[in-house]
Structure formats: structure tokens, C-alpha cells
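Listed here are the chains, written in short residue letters.
4 protein chains.
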Amino acid sequence: MSKELYDRAVAISQRAYAPYSNYLVGAVVQTTDGKLFEGVNVENAAYPLGVCAEKSALVKAVSEGYKPGDIAAIGITASPCGGCRQWLYEFQIGEITFLSSSGELVTHSAADLLPHTWDLPS
Amino acid sequence: MSKELYDRAVAISQRAYAPYSNYLVGAVVQTTDGKLFEGVNVENAAYPLGVCAEKSALVKAVSEGYKPGDIAAIGITASPCGGCRQWLYEFQIGEITFLSSSGELVTHSAADLLPHTWDLPS
Amino acid sequence: MSKELYDRAVAISQRAYAPYSNYLVGAVVQTTDGKLFEGVNVENAAYPLGVCAEKSALVKAVSEGYKPGDIAAIGITASPCGGCRQWLYEFQIGEITFLSSSGELVTHSAADLLPHTWDLPS
Amino acid sequence: MSKELYDRAVAISQRAYAPYSNYLVGAVVQTTDGKLFEGVNVENAAYPLGVCAEKSALVKAVSEGYKPGDIAAIGITASPCGGCRQWLYEFQIGEITFLSSSGELVTHSAADLLPHTWDLPS
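Line by line, the protein sequences give chains A, B, C and D. First residue of the first sequence? That's 1 in this note's numbering, and the numbers climb one at a time after it. First residue of the second sequence? That's 1 in this note's numbering, and the numbers climb one at a time after it. First residue of the third sequence? That's 1 in this note's numbering, and the numbers climb one at a time after it. First residue of the fourth sequence? That's 1 in this note's numbering, and the numbers climb one at a time after it.
For the record, the hints were derived by calculation from the structure and aren't laboratory data. These figures come from a predicted structure and were not determined experimentally. Hints are all accurate, no fakes.
The list treats identical chains as one, so a pair stands whether inside a single copy or across any two.
Once the Cα atoms are required to be at most 20 Å apart in a straight line, the calculated SDA-like pairs of lysine to any residue come out as:
#1 K35 with E64
#2 K35 with G94
#3 K3 with H116
#4 K67 with Y23
#5 K67 with A45
#6 K67 with Q14
#7 K67 with A11
#8 K67 with N22
#9 K35 with P68
Taking the hints into account, I'd like the entire structure generated from these sequences.
Structure follows, in C-alpha cells:
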């Protein structure tokens, strides 16, 4: 399954709006009840205001009624940045699949990608 | 039409993930070819990593193939923050409708909301 | 005075860390008791995580004990982005001086740059 | 030394501008040539526009001429969020000291806190 999510992330990445970096990223989340939501990075002329592909996919799921705890997996075209790791952790995602910098498809949990973090308020 | 977008924004706002502020925001964009995309704010335990409702609605449109220039209007439950105004400007949105702080439904262009700004690279 | 703040902003801008955009920005704030704090933009390989020059100058002032209400003026090398305008508004800055896109030195208040905004909680 | 940086971070945290979360954070960076720069979190009514303490300390160092590679260590009052970890990684900080969620003072490298990340452009 994680290979399928990754492949869809690669396909969707062509829709990214990234005129400043020309770096196209795609992400696809799968909910625990089997729905898929796709996201791409959307840049802004004021760079710090941009939104990453992982967040785009997750806000889409939230806008259709999903919450942290409802997302089972995500496929991303590349390793997530630290900001997105914090989101993957907030959403408690168990399977995060992306192409590693050595060119290999790998799967990690959100906790693996954000070691020694603080506990979220519950 | 702007009243309809605003009403949908109010309805969708209930889906916001805002456990830290308890401030629920909704936004609905309409493309020039008549499609609607809904967004809500999604907060994060690390506050600066959150995403506003306006951006949520816009990234959804982008993930389905729309770009700056393809968005005609947006309805928002409240006046957009400065960061979102920069997005509304990047997307060149002509009609932005929201409830003003005096409780009145108003419509402005992106340029009106970001006066004296710099020109985007073209 | 605003010309002096602007000139210092131009001078300090050379210290920006902007390897991704090569766009160097400087900002200098003046407190109501006459102190100056300088800031530059600091980019990150993950673009949305960058920090603008205006925020850099303001966090510096805050780290030395200043708060919203204590900042009288700011000089910036260019027109502030929407995200920074929200900060200038939070800090209630009366005189914001920058080079306009038509190449002229202009001064505006934070309220002028963020019209039709919502009231901050007090 | 890391204990000293942490202690200064705790002391400076009282200067944070955090009226929305009431969560005060402090951070102190030490340059390779022995200078110290202090930062605090600065929140904004629009939550996503806030700036964390770690970034505040680092932009201060940059505004005085330091760059990635010039920062040896940082002490933080709490475990850094993912967004800040990406900054610590960009600045290649070898010693990051903070109070763990179990109440113990720990020191890690930026690479330890952001495993399986992508290589920065060089």
C-alpha cells in the first residue's frame, strides 16, 4: 500500500504551485476508513507564507471531517521537513513513506521522525 | 453570490481543528469556472505551524489543478489575517467577502486589503 | 528620522541569510525610548520556515524587554509582506517607512497597511 | 556549559510575548567564537505567524554577522518543535540542550533530532 501512496504522490506533484523553487512535492494521505486525500506544495512570493504538500493533504482531509487519529498513512515524494513532521506527529500517523535521500522507498512512524519530542496536550 | 459563499464558510467552519484557540474559521473559494472548494483552520501544538482556513481552501483548489488567476471569489467567516491577504493577492482574487468586525458583510479586492504592496514577479 | 531608519535597514540587509532567494532584506525598529534594533531575513531550505527581516528586528526588541506599544517606528528596505503587516499591527507601530515599488520613500501606519482588519483581543 | 545555556534560557523566558498560549519559552545560542544570543517566543493574534524562541535567538546572531556553521550550541527551556529542528539542522548545531518531557536535561545534535532528513543544497 505504501508504494501505491508514494506513486500517487509522485503523480499529483505535477500540480504543485512552486514558481519560486521549481521544486514540486506531492503527498497523499489515507484515512483509517480508506479514503485518500492528495496535496501539493503551494508557494508564495513571501517565502515563509508557503504551505507544504503534507499539510495540503491533511487540511483537505480535515475539511472533509477527519481529525488527528483518523489518518493511517501518508506517501510523500521526499523526506518531510521538520515543520511537517510536527504535523504528522499531531495527526499520529503510523506509516509515513517517502523516497530517502539515498533513493530508497522507506517507511517510518511520526514518532520515529521526531525523537525526544514533548507530549501533546490531551 | 458572495452571501452564499459566506454562508457556506460559516457552515464548514464547524469542521475546523482548533483545539488550542477554540476559534473556528471557514473559507470557501469559487473558481472562475464555477467550482467551490472549502477550507478550515488547522492548528498545531506548535502554534506557528498552523494553517488558516483561507489557505486550506486555496491549496485544495491547487491540488485539483487550479492556479493563481483561476479563483474568482472567496467567502470567509472573518477578516483575513495579513498572511492570508498575501495569498489572496498572489491568487489575484477580485471578490473577498467576510464579516467585518462591526458585524457587517463586506466585499473587497485583494489589492484593497494589501495597499502599497510590492509587485509580484511575473 | 524615518530616512535614517531606512538607511540603516539598507546597510544591515547585507547580513541577511538568503541563499535560496538571494533577496536581502533589512529592517530597523526604534523603541519609544529611543533604542534601535536591527533585523534581516533568515531563510530556510524548507521555505515556509523562514523568518522575515521585520520579525527579526521585533523579536530582538522583545528579547531585550520591549512589548507591543513600546515600538515607535520601523524602517524596511521594501514594502512588508502581509504576514509582517500583521506583526506591525500587533505591535501598534505608528510609522512604517519603506521604499515603495515606484522607488519612493513612504511612511504609513500599521492600520493603513492592514485595512478592514479585526480587533486584537485586549 | 550546556547547563549554563539552559539556565540562561530559563531566565530569559520571562521576556516572552505569549499572551495567547501563556507558554513562555527561552533559548540561548553560543557561537563558535564564544558569543551568546538570547531569544524568546513571540506570538501573534494570527497564531501561524508567531516566531519560536530558537528562531529568535538565531536571527539575532545572524543580524550580528553569524551564519550557519558559526553556532556551536543552544540551550532551550523545552524540546524544540519540528520547525525549529529544521532550523537547528540548517545551522548545523552540534549541541542542543533542553529539558526532556521526563524532566531531565539532555543534549542531542541537530542530526539526531531530525533523522532520515534530506541533504541541504550546498
